[in-house]
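A.B. asks: Each chain, written out:
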Amino acid sequence: MSRKIGVVRFLGTNCDADVYRAVDSTNGLEAHWLWYEDHFNINDYDGLVLPGGFSYGDYLRSGALAAKTTVMDDVEAFAKQGGPVLGICNGFQVLTERGLLPGALVKNKELSFIDRWVTLKSESKNSLWSLNEKECRIPIAHGDGCFYVTNSELETLRSKDQVWLTYKDNPNGSVGDIAGVLNEDKNVAALMPHPERAMSTWMGSQHGKEFFEKLLVNKDI
Amino acid sequence: MESKNLVEKLKHYGLSKNEYDYALKLLKKENLTDIEWALFSSLWSEHCSYKSSKTFLRKLYNTSDRIVSEEGENAGVVDLGEGERIAFKMESHNHPSFIEPFQGAATGVGGILRDIFTMGARPIALANYLCFGESGSNRLSELVSGVVSGISFYGNCVGVPNVTGKTKFHSSYNKNNLVNAFALGYYGKEDKIISSKIKIPGNLLVYVGAKTGRDGVHGASMASESFDKDSESKRPTIQIGDPFYEKCLIESCLEVMKSGLVEAVQDMGAAGLTSSSFEMSYGGGLGLELDLSKVPLRDQTLTPEEILLSESQERMLLTCKAENLDKIEMVFKKWGLDAVCVGHVRKEPEILLLWKGDTLCKIDPNLIVGKAPEYNHEFETKMFIENDQVESSTDLLGYFHSVHGASKEWVYDQYDQRVGASTLLDCSEQIGAVVLPESKRSVGIALGCRQKLMSLNPFFGGADAFLHPALALSSKGYEPWAVTDCLNFGNPLRPEVMGDFASSLKGLSLACESFKSPIISGNVSLFNETEGENICPTPSVGVVGLNTQKVLDDYEPVRSSFQNVGSEVYLLSCRDFIWSGAFLENIQGSGDLEFKKVNEFSKILIEIARSKKSSLLSSRVVGSMGLMGSLFKMSSKNIGFDLDVEIDDERLFSESLYEVVLEFKNSPDLDIPEDFGFVYLGQTKEGGELKYSESIIDVERLKKESKDSWNKKVGV
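Protein sequence lines correspond, in order, to chains U and W. No gaps in the numbering here: position 109 of the first sequence is 109 in the numbering used here, and each next residue is one more. No gaps in the numbering here: position 64 of the second sequence is 285 in the numbering used here, and each next residue is one more.
Rather than coming from a laboratory, the hints here were simulated on the basis of the structure. One thing to keep in mind: the hints can contain errors.
[Said to hold, decoys possible] In silico DSS-like pairs for lysine-lysine, Cα to Cα no more than 27 Å straight-line: (1) U:LYS109 with W:LYS246; (2) U:LYS4 with W:LYS275; (3) W:LYS906 with W:LYS924; (4) W:LYS275 with W:LYS246; (5) W:LYS933 with U:LYS107.
[As the list claims (entries may be wrong)] Computed, partial: chain W to chain U, Cβ under 7 Å: (6) CYS469; (7) ASP637; (8) VAL640; (9) LYS771; (10) GLU921.
Every residue gets a Cβ at the ideal spot worked out from N, C-alpha and C, and that includes glycine.
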């Protein structure tokens, strides 16, 4: 039986349909919409994805308004129960704003939006989100993608194997070149690049596929 | 006193004395009320009425079985077969972008997107054609960074990928920059084309989207004037955009359209509520009752005149059956937007404007829209001087260090080029392309119009504005399918400006006709004049092509730079007109242009690009700095090129109409008709070196310098 994956939509989310397609095209996964105003039964889902793209127009701070919505109460409960949650770009920002992931995402070092292909290095070794490939090529598209933590927090992240992905050539000034992080329990993961835009040769790379395939891995690992 | 008052009013509302007298005659009245002044001012502005250009626009080639939209809609729609259709259009936002670059450009994107989804099509691609003054001109860095960040702010947030564009520099834009925004929308098998024409009396008139504020009042008449020294004072006429609102508006509008809840939809663009209501009514031949006191306001002190003329963004008018109103309100509420009934459709073809229980105005829209003035301004066509000898610049380094040749990466890196996850070719390529959701075929988008060629010969320039992008599409396997134009010119009261207008449109139209590519939509922007200086004629053109190949997982599109080491490179040419190119002040040209032959050339290119046998890897239509310019652009730090044949400098650096560089994976076995040249140039090689005659160019170094010089020359 296919695993049921919830794709969360907030007002203004604009990568929702792309992520839905990416999930649904992965063998063994079945995508379902979750609307920001509605509760859902956390036991009905095997995984959740928070897509990217300007929820609430990035007003106040990117992800800040979405983090306070009804659906996020259940996302939090699902995450606390150990369910796998993947955040992409704005989804990453929402998860940090909700306190489900460490750190914060601030304006890119050069202050402007960047759309570019980047090379990512896989760092975390022992979680369900650890990638098979050492390096992968995936595009970024963000204005507030500079990951920030204090030096001591960075040390903690490293010592607890919570640094998931780093940039080979840091595009936005992120502390420790960090492109993606994990929570302490390693069930919640998020990255700034867009794996759903790297699903086939014609898109420029197929490295994005593995990120969705991780939702097939048993969550008890 | 009376006459002084009238002179001031005419100036304030941007009407001429003749137009005023004509309006009185139409209404059979002695004088106009404030509301009537406001209506005539906006609907008879150049921007809304096309009064100086209409006679020329009627002659443009636009007959084709492919066209499935009616005339007078917000954008044109063409059939692509297999149940799929696309709507597209390009529109200018020049005047606002010069006064306030960020908001001007942002709302330009917002406006063109609304033209597309108003018709029921989901926007899937954006593009833009930008023109700025020369390096060192006043405000250049402010204008460039303002416009680019405005487009980036709006397009990225609303979630439509920007897949291609052009950024041009020319001294004639020093005080009049151009921002032309292009948008393309998609209809799948089940999607209906939505009209703006009301057809059922008794239907309700519903206002949806953002609340009305004072922004943009008199915007349309502002955009129909030349600039003077205090154009700064026009800042309050600029609209403010909110892409988050627009995103919600797209989703809610498409939802009510797909559910069959609406009859007609019209966006509120230039001249806001006035033009949308009058166009809906005039188009459908029915009347409307519109109660202005029901319009949702941001500021309760707005007068009815201001409500009519406000250009607040992200608003639409729609009509629906009374029983559907509740359902429509629910959909909009779900997306956080207002939907308010503000009136209804009347059987009598009259518009009734109400304000707090009083009738403000009762007027037949035909008197304002249908009977709008139309001018045949004098025009004077320029003679083309043919040169025996065409000299070209050979300063390759100088060119790539100039603003013209500098890498535009700084611009397009700021645009989200991949949202939608269907981008096949992005801004780094010569054309943009997106995959069609249902059939998995793809459409390509390319923009054209080259200033220097335009100033040499407006007829050829107009033709080239279509032909150059059409060939760029063909060389990637896309058949030029249909065209949109955005005609930016100076003051139409100047005979030489109208002469250029007439000549370039003739060139454009004949070229499109020879390709059977109809011009399905467009926009005219006149009065691009500041303190007596007019812009170079700029009929920018968007060409959309169709590639019937299916884009499956392992599909490899034809790209614009060298892909493999050791592949064979050829030059295919149809070189009948030669000109000195974009980098010389003194432009010269020689030869002729035969449209039929160029069309044949296009067909050969399409065949080559789609053929599996020859396996074309990359292609590039030769442009600035001729063949050498193109070979440099195709080289990279990993793949270089040795020019293997003797070619003299004149041939290497001059530009022509037209030739294309082709990189083949395998030795091509092609049967090219004798009319066209097909010569072997050499092989691609490992490492970033470009070698010709006695010269060697370090590709990576020059590319880096070219990128750095953008920042130096533009000052961003």
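A.B. asks: Tell me, in ascending order, the numbers of any earlier hints that this structure violates.
C.D. replies: Hints 1, 2, 9 and 10 are the ones this structure does not satisfy, whereas the remaining hints hold.
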